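Chemist: From first to last, the protein sequence lines are chains A and B. Under the working numbering, the first residue of the first sequence is numbered 405, with each subsequent residue one higher. Under the working numbering, the first residue of the second sequence is numbered 405, with each subsequent residue one higher.
Hints were generated in silico from the structure; no laboratory data involved. For clarity, every value in this text was computed on a predicted model and none was experimentally measured. It cannot be assumed that every hint is accurate.
Given that identical chains are not distinguished, each listed pair holds provided it fits within a single copy or across any two copies.
To be verified - Mimicking DSBU-like on lysine-lysine, the simulated pairs with C-alpha atoms at most 35 Å apart in a straight line are:
1) Lys425 / Lys414
2) Lys406 / Lys515
3) Lys515 / Lys583
4) Lys425 / Lys583
5) Lys515 / Lys414
6) Lys583 / Lys447
7) Lys425 / Lys406
Residues per chain are reported as follows:
Number of protein chains: 2
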Amino acid sequence: MKLLEERIVKDGLLGTGNVLKVDSFLNHQIDVAFVSQLGQEFKRLFHDCDVNKILTIEASGIGIACLAAQYFSVPVVFAKKSKTRNISGDVYTATVESYTHGIINTILVSKRFIGPEDRILIIDDFLANGAALEGLIQLVRDAGATVVGAGIVIEKAFQAGGDRIRSMGVRVESLARIKSMDPETGIEFI
Amino acid sequence: MKLLEERIVKDGLLGTGNVLKVDSFLNHQIDVAFVSQLGQEFKRLFHDCDVNKILTIEASGIGIACLAAQYFSVPVVFAKKSKTRNISGDVYTATVESYTHGIINTILVSKRFIGPEDRILIIDDFLANGAALEGLIQLVRDAGATVVGAGIVIEKAFQAGGDRIRSMGVRVESLARIKSMDPETGIEFI
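Let the hints inform the model, and build the full structure from the sequences given.
Modeler: Dropping the structure here:
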């Protein structure tokens, strides 16, 4: 998606260790009008998939998922990262290692909100090693629901996650796919 | 807001210890069309305040803030709850004790996203003891920005937070104010 690639080049900040900061428009400050356009693109890509629910994971995925959900007229469910007093014990769980935070999280979704009748589009901001996405897919499959696909804003295609998830038979649509990035030479897209 | 009160009575679940679960439509599963109506109500309440940015806190506030922001045509900034590798060191911080999780969090916002020129509306899902809201107000004031007010979806008015924040001179608008709640006798609104 050209609009997104241009925005990443314009406002993204490259750091060492394959860090790409897009926190001025995507995942700390959110340019709501812009992200809404990303949501519209997800609708174009998955318009014929009978999506009846969007699943994402806290925190960065929530805004994107909610703005996209408006085009699908479906609710959003976001997986939580730890057990809180306000979540019942009746949950699906998966274990996810977070590259960003260097810790292992249990992610969970209440069993009340995903079931066999659901056709779920998973939405997230980044796909890199694929751990979060794999955990979300597992949650959906544990619930007996169908994963119609994953809509990703930015895929670090030089990391293994995208290939691995696609080889599992899951349709992955990434709006920007980064082939390589380097603080010196910049970003190259696929 | 009558629509919200009715929804809380219909779909809210009361637990012991003053727990009100609204996770079927507000903060785990999100009824996007419904929450968008809440956003429209915030716009009606704060339409003449020259809001140029909405501030919220991860995770439950993000969806509400993004949907509301569409009516204000402003970006959202969400405060994060712990220091991650992807946030620069240049941040405003505050300490917030979480009643829900029973832990103390440091919340932070990058200094790049709040400044003296900003007129900020704070949005969150719940106001109870007011710790999160107070932390957000402190962040805004540390940045030299103006808090035009706080838009809260559900205020537990029998707890001290709302009164304390209002006595600080901050305008607080809560779409539903709960006077009392009890698993046996139900919910009474103000």
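Chemist: None of the hints should be skipped; say for each whether it holds.
Modeler: Each hint, compared with the structure:
1. Within a single copy, Lys425 and Lys414 get their C-alpha atoms as close as 12 Å, which meets the 35 Å cut-off; across copies the closest is 42 Å, which misses it.
2. Taking identical chains as interchangeable, the C-alpha atoms of Lys406 and Lys515 lie at most 35 Å apart only when they sit on different chains, with a minimum of 29 Å there against 38 Å within one chain.
3. Taking CA atoms no more than 35 Å apart as the test, Lys515 paired with Lys583 passes between copies only; the shortest distance there is 31 Å, against 38 Å inside one copy.
4. Taking the closest pair of Cα atoms, Lys425 and Lys583 come within 35 Å of each other only inside a single copy of the chain (16 Å); across copies the shortest separation is 44 Å, beyond that limit.
5. Taking the closest pair of Cα atoms, Lys515 and Lys414 come within 35 Å of each other only across two copies (19 Å); inside a single copy the shortest separation is 42 Å, beyond that limit.
6. When the C-alpha separation of Lys583 and Lys447 is checked against a cutoff of 35 Å, the pair qualifies only within one copy, where the shortest distance is 25 Å, while the shortest distance between copies is 42 Å.
7. Taking identical chains as interchangeable, the C-alpha atoms of Lys425 and Lys406 lie at most 35 Å apart only when both belong to the same chain, with a minimum of 18 Å there against 42 Å between chains.
The structure agrees with every numbered hint stated previously.
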